[in-house]
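Heads up: the sequence lines are chains A and B, in that order.
Per the UniProt record's numbering, the first sequence starts with residue 1, numbered consecutively.
Per the UniProt record's numbering, the second sequence starts with residue 1, numbered consecutively.
Keep in mind that the hints were calculated from the coordinates and are not lab data.
Wrong hints could be hidden among the right ones.
[Claimed, not checked] Ranges of calculated distance between the beta carbons of each label pair, as one might list FRET restraints:
id : chain 1 : residue 1 : chain 2 : residue 2 : range
1  : A       : H16       : B       : V81       : 37 to 43 Å
2  : B       : P108      : A       : A89       : 57 to 63 Å
3  : A       : A21       : B       : T29       : 40 to 46 Å
4  : A       : Q35       : B       : E84       : 22 to 28 Å
5  : A       : A290      : B       : Q15       : 32 to 38 Å
6  : B       : P108      : A       : Q120      : 53 to 59 Å
7  : B       : V81       : A       : A164      : 34 to 40 Å
We put the CB at the ideal spot given by N, CA and C, even for glycine.
Number of protein chains: 2
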Amino acid sequence: MLDLGRLRALHAVAQHGSVGAAATALGYTPSAVSQQIAKLERETRTTLLERRGRGVALTDAAHLLSATAGQVLALVEHAEVALEEQRGAAVGELRVGAFATAARGLLPATVVRLAERHPQLDVRLVELDPPDCLEAVARGELDLAVTHDWVNAPLAVPEPVSRARLGEDVADVLLPAGHPLADRESVAPEDLAGERWICQPEGTICHDWLVNTFRGADMEPDLAFRIAEYETQLALLAKGIGVALLPRLGRGALPDSVRAVPFRPTPTRRVFAVWRTQAGRRPAVTATLAALRDCWEQRETA
Amino acid sequence: MLDLGRLRALHAVAQHGSVGAAATALGYTPSAVSQQIAKLERETRTTLLERRGRGVALTDAAHLLSATAGQVLALVEHAEVALEEQRGAAVGELRVGAFATAARGLLPATVVRLAERHPQLDVRLVELDPPDCLEAVARGELDLAVTHDWVNAPLAVPEPVSRARLGEDVADVLLPAGHPLADRESVAPEDLAGERWICQPEGTICHDWLVNTFRGADMEPDLAFRIAEYETQLALLAKGIGVALLPRLGRGALPDSVRAVPFRPTPTRRVFAVWRTQAGRRPAVTATLAALRDCWEQRETA
DNA sequence: TCCAACATGTAGCGATCCTAAACTGAAAAC
DNA sequence: GTTTTCAGTTTAGGATCGCTACATGTTGGA
Numbered sequence: 001m002l003d004l005g006r007l008r009a010l011h012a013v014a015q016h017g018s019v020g021a022a023a024t025a026l027g028y029t030p031s032a033v034s035q036q037i038a039k040l041e042r043e044t045r046t047t048l049l050e051r052r053g054r055g056v057a058l059t060d061a062a063h064l065l066s067a068t069a070g071q072v073l074a075l076v077e078h079a080e081v082a083l084e085e086q087r088g089a090a091v092g093e094l095r096v097g098a099f100a101t102a103a104r105g106l107l108p109a110t111v112v113r114l115a116e117r118h119p120q121l122d123v124r125l126v127e128l129d130p131p132d133c134l135e136a137v138a139r140g141e142l143d144l145a146v147t148h149d150w151v152n153a154p155l156a157v158p159e160p161v162s163r164a165r166l167g168e169d170v171a172d173v174l175l176p177a178g179h180p181l182a183d184r185e186s187v188a189p190e191d192l193a194g195e196r197w198i199c200q201p202e203g204t205i206c207h208d209w210l211v212n213t214f215r216g217a218d219m220e221p222d223l224a225f226r227i228a229e230y231e232t233q234l235a236l237l238a239k240g241i242g243v244a245l246l247p248r249l250g251r252g253a254l255p256d257s258v259r260a261v262p263f264r265p266t267p268t269r270r271v272f273a274v275w276r277t278q279a280g281r282r283p284a285v286t287a288t289l290a291a292l293r294d295c296w297e298q299r300e301t302a
Numbered sequence: 001m002l003d004l005g006r007l008r009a010l011h012a013v014a015q016h017g018s019v020g021a022a023a024t025a026l027g028y029t030p031s032a033v034s035q036q037i038a039k040l041e042r043e044t045r046t047t048l049l050e051r052r053g054r055g056v057a058l059t060d061a062a063h064l065l066s067a068t069a070g071q072v073l074a075l076v077e078h079a080e081v082a083l084e085e086q087r088g089a090a091v092g093e094l095r096v097g098a099f100a101t102a103a104r105g106l107l108p109a110t111v112v113r114l115a116e117r118h119p120q121l122d123v124r125l126v127e128l129d130p131p132d133c134l135e136a137v138a139r140g141e142l143d144l145a146v147t148h149d150w151v152n153a154p155l156a157v158p159e160p161v162s163r164a165r166l167g168e169d170v171a172d173v174l175l176p177a178g179h180p181l182a183d184r185e186s187v188a189p190e191d192l193a194g195e196r197w198i199c200q201p202e203g204t205i206c207h208d209w210l211v212n213t214f215r216g217a218d219m220e221p222d223l224a225f226r227i228a229e230y231e232t233q234l235a236l237l238a239k240g241i242g243v244a245l246l247p248r249l250g251r252g253a254l255p256d257s258v259r260a261v262p263f264r265p266t267p268t269r270r271v272f273a274v275w276r277t278q279a280g281r282r283p284a285v286t287a288t289l290a291a292l293r294d295c296w297e298q299r300e301t302a
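Let's have the full structure, built from the sequences with the hints guiding it.
Right, here's the structure in full:
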């Protein structure tokens, strides 16, 4: 494989017309340039320079080589510039994970915003539960994830992962419109004894939080419906079949047949973005973080 | 300026997916590849590789750089191949000089033939008198020249120039059709005493030869018309204004008003191709030499 | 004929680049 | 949970490379 330094030497000679001028241009002595080209000649088994009077002339092979050397040098220079530019730009593929509610309520706007601001950024989205999110980020399968914890089940991030808080998401109890508690200012676990709950499957944080909170009041919730899909939960609620605890994030307009009532103690989960600390320097990561924050703000003011 | 070896290392990692595989592919140890990329990272002040589990993953910058590295490597490889091919092919620019008669009578056919055989060869033609030809070749301003001497004025080629004889060109005396000598088998200087000569300007070999030959017979030719252009000489001859000594090379069909009569002693000039010995290895030079020989042969048999 | 300009050759020193081997860290196997 | 294995990195050291300074060889002009 030809050496770039030698090609540069040859190209300089071709451009400046003499070994000495080329050496000056490159900041070397003529001897160095001469030696470089001599080595290039040995490597290619080709005569590149011919002495002509006091100076030198390039052979056909040298012209040929110098021409492509020019292209190569231009390309390399371009790469350097691109690298420099890229140091501040968000490009490439960014794999994002988010828990279901955020995937529904926050990420669509974020992806749109990123697409507007950074057209070169290719965002991939995966819906994952918070523990899986963290693991995937730590393993490098995701570049960034939106996750959450509840105040009574704080999120532990492993060492090489950083996190930033986006904000808090409050959950309300959703009741059929005709329910006796439907017009209360707020409800407590005690008020809801005997209700049949619509809840996410076991193993999800939503499920665990509900169980923990009721056990704190020395009660056991009746988790009659284990439903992962938001729309399905809503459909069940609309039919008055049970009650549910649903976060405000990602909750659209409710049907008339369903009422939201604040819960006491307020079920608040903190929403975080997490990423490998290592990758924090990636412009793509910081840009996504910024977009997430913007979209979160916009959601709250809306 | 980025180093080609490092770019190749990065590209290999990108292609093979791991440092070890890249090292195997390149014939190095993983350590070498790792160091190369570490240096590349320092040079570009960019993170290129991130550890991911047991292996590594490329950052955006690395992907960017690897992509252009691929282009660069392809270009360099292409240059190497081109160089290899070119080692046997006639390509590039070839500057050819020829004395006027050869430029008229030999070179056009040669240029056509070269263009057929070697379309990549770019032939430039300059009309130059033999001494200038030799000088230009020796100086490297011409790559090859067609020159001549007369038997009584042999051509001396300087050391770093080679020559090859193409053949001999005989000159005849051209007389107006009505001239008393027009139907003779041959004429000698003595026969032509008092004639007004149409001749090339002083300083040309043609001129000098005429003077020398006549002085050898203790005569002085009357060089009444100093004309460089062949067509002009012919026009003068056609009007019966003088006589001329014109070589057979490059002489087309004569008008009826002009007759060619052999001269005694026969004015014979040896025609040579000359080139820098150094450049003799150039395929372009050998190809042109071959074409010149072919065209000369063809001319004689025609 | 000497001198100036230019390229090339030589010696040597410092930088570079590779290998080998120890080290670190993560996944897999027991 | 502990050990093994795998992959990449770090470190040390020796060979090579690539530069500079200086000498040499040519060429072209005063």
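Against the structure, the hints come out as follows:
Checked against the given bound of 37 to 43 Å, the beta carbons of H16 of chain A and V81 of chain B, roughly 27 Å apart, lie outside it. Between P108 of chain B and A89 of chain A, the C-beta spacing of about 60 Å keeps the proposed range 57 to 63 Å intact. For the hinted restraint 40 to 46 Å between A21 of chain A and T29 of chain B, the CB-CB distance of approximately 41 Å keeps it satisfied. At about 24 Å, the beta-carbon gap between Q35 of chain A and E84 of chain B stays in the expected band of 22 to 28 Å.
Between A290 of chain A and Q15 of chain B the beta carbons are some 34 Å apart, a value that agrees with the proposed interval 32 to 38 Å. A hinted range of 53 to 59 Å holds for the C-beta pair P108 of chain B and Q120 of chain A, which are about 58 Å apart. The hint said 34 to 40 Å for the Cβ distance between V81 of chain B and A164 of chain A, and at roughly 53 Å that hint is violated.
Against the hints set out earlier in the document, violations occur for numbers 1, 7.
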